[in-house]
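Chains as they are written, first to last, in this note's numbering: chain A, 484 to 737; chain B, 931 to 1382.
Just so you know, the hints here were simulated from the structure itself, not pulled from any lab data.
A virtual CB, placed ideally from N, CA and C, is assigned to each residue, including glycine.
Careful: at least some of the hints might be erroneous.
[Said to hold, decoys possible] In silico EDC-like cross-links for lysine to aspartate or glutamate, where the CA-CA straight-line distance does not exceed 20 Å: (1) A/Lys497 to A/Glu627; (2) A/Lys583 to B/Glu1357; (3) B/Lys1331 to A/Glu572; (4) B/Lys1331 to A/Glu561.
[Claimed, not checked] Which residues of chain B face chain A? A partial, calculated answer using Cβ under 8 Å: (5) Tyr1323; (6) Leu1338; (7) Glu1345; (8) Asn1349.
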Amino acid sequence: MLIINNLKASIGGKSILKGITLDIKPGEIHAIMGPNGSGKSTLAAVLAGREFVEVTEGTVTYLGKDLLVMSAEDRAKEGIFLGFQYPIEIPGVSMVNFMKTAVNEHRKHKGLEPLSASDFLKMMREKKEMVEIDSKLANRSVNEGYSGGEKKKNEIFQMAMLEPRLAILDETDSGLDIDALRIVANGVNKLKRPDNSFIVITHYQRLLDYIVPDVVHVLYDGRIVKTAGKELALELEEKGYDWIKKEVENNILA
Amino acid sequence: MNGKSEVTERYIELYKENIEKVSSISSPYINSFRSKAFERFKELGIPTKKDEAYKYTNLNIFFDHDYKSYFMPVTSDFVKAEEFRCDVADLDAHGIVLLNGFYPTINEKLRELPGGIWIGSLNEAAVRFSGLIEKHYGKYAKSETDGLIDLNTAMASDGVFVYVPEGVTMAKPVQVVNLVQSEEDMFNQHRNLIIVEKNAEFSIIICDHTLSPQKFLTNAVTEVYVGENAHFDLIRVQNEHNAACKITHTFIHQERNSVASSNNMTLHGGLIRNSTYHYLGGEGAESYSYGLYLADKWQHIDNFVNVDHAFPHCTSNQLFKGVLDDMSTGAFNGRILVRPDAQGTLAYQRNNNILLTDDAKMDTKPQLEIYADDVKCSHGATIGQLDGDALFYLQSRGINKREARLMLMFGFAHEVIQNIKVEPLRERMDNLVMQRLRGELSRCASCMVKCG
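This is chain B alone, in the form it adopts within the complex (with noise of 0.2 Å):
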């Protein structure tokens, strides 16, 4: 790229002000990673709408903004972040609080669970299990095009690792909170690296929570291994005020016979960008990725997805659902690639949305790339109003036109939680939708802050 943009040059200057300050705090192996990325940043740059994955999307609302600090917390921020307690009821799981993307100082830093599992800080684990690291870390985060992910790991130094050992099932999913609070308007990166390993079953359900109203931006990157025959699911539930953005960038690499499944619920935000990377590594592998995005006022909310068939007899479905309303706008983009050697190959995708408004706005695009014979593949895209037929359906047996729409949407939405493994938490999302769709926040009633 020729003569950086005002706003990469921003982040190029955030990150020489920093990196001594980051490094000295990460662990070797983490830093070594850190040059080459950010040479390979300064020639990508913060994307832009010409970018074909960024085409709907203009980050520079929250990119070209003056974040004071790169924030890190003291302990005493800690202390009240671990004080925020998810309020789904029945939901019995490992807790883990992040803080602007930090793994809090005054808890031991990594636990152990039965059958060997360890959940933790990735900047610990990094001195911890070197050989894990070693093996797993930066292995899936690649893009050829994306200069986020290598701002990423420039820069990030904590997050969640999680290590599942060979043939352990764990019974409890992990839930991860991550909560970003700040007196100052605040950018902030984290990491996290889940390993399942060969016959291994685990769930995490990572949500995202603000607690103070300042302008915050978050670019989060996740990677995930999913050995042999191993099972994975991940559900994310976004919930953060209209000052918030939140990109995320997920890889699930998958070995032969695994499932996988990714669920992004994005509830409230005032940017969101999710790329879900799904790499099918082995015969008879699965992978589903559902998404469902509720907007209003002038939410931005945009999926992308990429799903690579790289070895035969492999299954992928995508369905992401949206309903847009006031002058929301929303982006989706499903593309499934199919190499030459990936026969037999099932791939799916629907993108199904509703907007309320005149003004709401969406745009789809599916993209496929299907280089073997023996494929099927089929995808699908509506943008369209509830449905006039099943709303007087409704209304002939006496329930109001606003309960019915709202009853219309809910099922529309229904169709997307319904995919969730977790229980308590697909009953608690039936509720948060509908709240949200009656138009009360759907904020959890412990969070602390009224971003109405």
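Next up, chain A with everything else stripped away, as it sits in the complex (with noise of 0.2 Å):
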């Protein structure tokens, strides 16, 4: 599904991704994990297409097309998803007419017709309940006013109207008390299918218990430091990033 090869970016000149090397099959669950400014949100800012971000090496390669020379609502409409860490406000812009817009040129793309008023509508009802987000949110505008757990809550929403191939959820955990974090764990469990992946970018262990990866990667100073079954998720739980830090440190010296 998804290939990334010795990726190496920059933001405003620093360096930041340093060779990622990563392969995610359909039906995958990876968590990427790592201590604050390792590169995680870089790393998803690159896959969704932001700007600001420059590829000084490396390839990307999503259903065997180049990812890099896409537009990010290209990338969207090829069935990549972004779960923001920091949702974005929109006065003015009602949730409604938001999803209607995304979901019929996700629909345009593929070929097929808009939906009807009804149809939507329809679909609306049936997410928001599949999500348990609260009916009357999708009547506002979009995120304004939301609490944290409300925003992030939103995104597993969105998600779920879209149906992405490959979701990348950028530390969807964070802020959240556990009944929220519960609920977008059950999203995204909801959501998973065989032909579909997700890469789960956390600064804790805790979603974990409730999202159960495939793969685990430690990101670590612009680079994969390690990557193992679910059980590595636990030991940095106990352990704390140290070690690892230690580890790498180790390794350059010798």
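Both chains come to you apart, so use the hints to assemble them.
This is the structure in structure tokens:
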């Protein structure tokens, strides 16, 4: 599904990603963990097509296509979804209008007719129920005045509406209480299919109690320094990141 | 002012040439104001950029021009104008059409509506309702510095008159469609007077349209009296072609515990200047001043707001937003005056602007004069581009950049539109603004002018 090969990227001339290689297959959930400042969000930004990140080396192949030449909106229409760490408030744009436009852009891309108003509202209703989002939220402006937890749930709702092939959740768990965390995780589990994949970026292990990853990577200083099964998350929870840092430094010295 | 400018001289001449004709068709009471106003106009002249209140607006582009006649329509023109129908779906309103500032001669000049409400021609009302006119006419339109108000008083002879008696709630709004149409470049002035008595409720929609492509200059004055505990809403929709200049001066006088709003929706026009004066003349009065302006090409839109807190415990709120494209320019000047006795005042002001190009320009100036201690006042102004993070957020959901920009601009504008109290009009404004932002002309379908 997604093959990242020796990806290097910088922001404002400062090198952030220093050679990332990853292979994500359909149906897999990959967790990317790591201390603050290790480049996790930058990786998400590169994959979603944020323009301020400059790719200096390497390739990203998504479903056989060169991802890096595609615009952000084309990536979305090809099935990539980014769950934002800090969802943006957009006053004056209603959730209904936002989602209707997005869903119909996706349909147009697939050569389908736009949804009728009633079909669209029905779809909204079903997805709201599915991800347990308060139905009143959808009548408001995008994220405007939402609590932190509501914003994150709204990301999951949008994901449910757009049914991506590859969803990248950037610290969707940060700032959530346990109930909201459960709702977010349930959303992911309900949307999981054999033909779609998830990249779950998180600082803490606790989200992974609910979303069970196939592979856990540790990102540190712009590189993936460790890759293992889900037990790695537990080890990190127990021992913190310091032992990883030490290991990396020892390797460099050796 | 020493040595009157050439431009001012033009209008002095215009007055001299036409005053006899104007007076002959006007009521004596309206005529009784003319010579004094003319003397004041001669002193003040046409405002220039040296006048603080007109610092950012060059009126000469339109005023320094030879307008051939002071045009008074004939009956056949009115018949044609009456065919103009606003196409706002579901808008159930009492319609009035003004042609070049005049009330049609073909209709009954004053209409009585249920509840003892009267709507019609100001000139006619000056004769039929002399008591009301003498109590209110010329009492609120006052400015020590703006000669254009005196020019209007000196020469205007007709316009809309509305009288809503004490305790009457008018179920339907009145919609005034101001049409200008002429074979020659034309200068026109009209004068409106709206009286909303104690405990009454009333909304008026004023739509400005041009029906022929000539160069037009309109200088209009509206006086509004809002009695104790009364509610009043004014919604102005301006949609004129690029060779039209519209200058409006609106004076809203409020008594205690009254609530009044003014909504200036400027969609299109060559040069537009709206001055809105809110006088909070009794305890507990609330005033809301909203404005939305969308400009492109060489258009210039200037909003001047003056809120006068003369009594304690009043609230005022100003919200003006603009989107400026191409090399268009805009200005906002919001004055809040809190007089020494106006304790417990709440006064807010916000002006936000989006410039879509490097050539577009906006001047914004808050002007707060506070002479009381117990006052809560705030003001904020921004001039910027579309929010890049918001743009990316929309794009990351598959919405293309052009559409995402439109959605953001629309959302920006909608914050002003949502305050319009007449619902069908609010929806219509949403659509017109969307069309305008898409670059389609936002004229109503029934408009006959192809002014692209």
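Structure-based check of each hint:
no.	hint	verdict
1	A/Lys497 to A/Glu627	violated, 33 Å
2	A/Lys583 to B/Glu1357	holds, 18 Å
3	B/Lys1331 to A/Glu572	holds, 18 Å
4	B/Lys1331 to A/Glu561	holds, 16 Å
5	Tyr1323	holds, 4 Å
6	Leu1338	holds, 7 Å
7	Glu1345	holds, 5 Å
8	Asn1349	violated, 12 Å
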